[in-house]
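Using the sequences and the hints, build the whole thing.
Here are the chains, one letter per residue:
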Amino acid sequence: MPDSWPEADVVAAIYERLVRGDCLAQTDFIVEVLEPLVSHLWAWRRDADEHMWLTAAEDAVLSVIRNPAVYNPAKCGNLFAFLRMAAERDLLNLLERERRHHRNRENRDCVELPVDGRNPSVEEVADDLPTFDDQAMATEVASLTDLERQVFELMRDGEKRTSVFATILDIGHLPVEERAREVKRVKDRIIKRLQRAGGKS
Amino acid sequence: MSAALDHLAARVATDPLFLASALAEYARSEGLDDDGLATTLGCAQTDLTRLRLCGVPRSDPEQFRTDVAVIAERFAIDTNTLGAIVRRGQSLARLRAAQPGAVQPGFLLAARDDDREPPPPDEETAS
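Note that the protein sequences, when read in sequence, are chains A and B.
So the first sequence is numbered by the working numbering: it starts at 3 and just counts up by one.
So the second sequence is numbered by the working numbering: it starts at 89 and just counts up by one.
Keep in mind the hints are simulated off the structure, nothing from the lab.
A couple of the hints might just be wrong.
Unchecked claim - To spell it out: a stretch of chain A is covered by chain B in this simulated footprint if at least three of its residues, at any positions, have a beta carbon under 8 Å from a beta carbon of chain B; those stretches are: (1) 17-27; (2) 35-47; (3) 60-74.
Claimed, not checked - Ranges between beta-carbon positions, derived for each pair: (4) Arg175/B <-> Gly160/A: 53 to 61 Å; (5) Asp11/A <-> Pro104/B: 29 to 37 Å; (6) His104/A <-> Asn168/B: 54 to 62 Å; (7) Ser117/B <-> Gly160/A: 52 to 60 Å; (8) Ala186/B <-> Ala71/A: 27 to 35 Å.
What the hints assert, rightly or not - In silico negatives: residues of chain B with every beta carbon more than 12 Å from chain A: (9) Ser117; (10) Leu120; (11) Asp121; (12) Gly124; (13) Thr128; (14) Arg138; (15) Leu141; (16) Asp166; (17) Arg175; (18) Ser179; (19) Leu180; (20) Arg182; (21) Leu183; (22) Ala185.
Bear in mind that the values here come from a model prediction, so they are computed numbers and not experimental data.
The beta carbon of each residue, even a glycine, is placed where N, CA and C say it ideally should be.
Printed below as a string of structure tokens:
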């Protein structure tokens, strides 16, 4: 698979044709962005499978083709960056669905927080969120919103990259510092809720 | 042609937004495989994927002719041949959509007794 990303101005020009209803724009757009997008997802999350990479990349591309207005050049910047972010989000959703499927099969949710009485940092907790079977904690986990749940699952997986959390939270367009602050805020909130439920901090 | 493009072209084979849908209907009605379709169109088989990913020509007769001509020129296909195939494919797709209990291409309906009133035919959408 080619790993070179398309030129921003080339993609932007095709997008303009897409908006105008040029019937060749669809095929040109797909040829330009699909493979680099699949390659990006492959490199980004190797724990996914080929079907997931393809589906996520296709979903992102088709969303722009079916409704070019989902991309706002003034707000979203580079179109390929926008597509990358959308495809990453789609891929994370697919992975989350897969995880949920496995979890449902196991029919239980398990988390355990540290019990040494201190108030650990987000990173410390994220480093090690082991298993527990306390009913109150399970209830708290079950009450997380879909977004919080995705963030929580990433934390359990040991994910540390702010960019990954930012993609889930759809805040990739924010400045770096603001993005990091928001990610930390969401993680802190989740941890505090779990601590309260577990009563261990 | 890449596997990713082929995969997407197959995915949109029933999506009326893509030329793939009209080409698939036509090929099915004529019992053509990819080789046969490429031969009928007069293009290389390797061009089929990109052709399938084109947008469907606009429905207004003048715009239809213009769009077909643009696509035909890009893929070095005879304009009249492409136009006839697309029109036929689109008609077949509309007929399929208008059939009560329309199903995706490739599925067979088992003969059965059914006392229910058939649903009204779908409104024909401009394509």
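Going down the list of hints, with the structure as the test:
Under a criterion of three residues with beta carbons nearer than 8 Å to beta carbons of chain B, the stated coverage of the stretch 17-27 of chain A is upheld, 5 such residues being counted. With 3 residues bearing a CB less than 8 Å from a CB of chain B, the stretch 35-47 of chain A meets the requirement of three and the coverage assertion stands. With 5 residues bearing a CB less than 8 Å from a CB of chain B, the stretch 60-74 of chain A meets the requirement of three and the coverage assertion stands. Between Arg175/B and Gly160/A the CB atoms are about 57 Å apart, so this pair conforms to the stated range of 53 to 61 Å.
Our hint of 29 to 37 Å for Asp11/A and Pro104/B holds, since their Cβ atoms are close to 31 Å apart. In this structure the supplied range 54 to 62 Å holds for His104/A paired with Asn168/B, their Cβ-Cβ distance being about 55 Å. As the Cβ distance of Ser117/B to Gly160/A is approximately 55 Å, the hint placing it in 52 to 60 Å holds. For Ala186/B and Ala71/A, the Cβ-Cβ distance of about 30 Å falls inside the hinted range of 27 to 35 Å, so the restraint holds.
No beta-carbon of chain A is positioned within 12 Å of the beta-carbon of Ser117/B; the least distance is around 23 Å. With a least beta-carbon separation of about 21 Å from chain A, Leu120/B lies farther than 12 Å from that chain, consistent with its non-interface assignment. No Cβ of chain A approaches the Cβ of Asp121/B within 12 Å, the least distance being about 21 Å, so the stated non-interface status holds. Every Cβ of chain A is farther than 12 Å from the Cβ of Gly124/B; the closest lies at roughly 22 Å, confirming the non-interface assignment.
Distance check for Thr128/B against chain A: the nearest CB is about 20 Å away, which clears 12 Å, and the non-interface claim stands. With a least CB separation of 5 Å from chain A, Arg138/B falls inside the 12 Å interface cut-off, contrary to its annotation. The beta carbon of Leu141/B is not kept farther than 12 Å from every beta carbon of chain A, the shortest such distance being approximately 4 Å. Consistency note on Asp166/B: stated as away from chain A, and its beta-carbon is indeed over 12 Å from all of that chain's, at 17 Å minimum.
Its beta-carbon lying about 15 Å from the closest one in chain A, Arg175/B satisfies the requirement of being farther than 12 Å from that chain. At the 12 Å boundary, the C-beta of Ser179/B stays outside the reach of chain A, the nearest C-beta of that chain being 19 Å off. Every CB of chain A is more than 12 Å from the CB of Leu180/B (nearest about 20 Å), matching its label as outside the interface. Look at Arg182/B: its CB is around 19 Å from the nearest CB on chain A, clear of 12 Å, so calling it non-interface holds up.
Separation of Leu183/B from chain A is adequate, the least Cβ-Cβ distance of about 23 Å exceeding the 12 Å criterion. Once the 12 Å rule is applied to beta carbons, Ala185/B is consistent with being away from chain A; the minimum gap is 18 Å.
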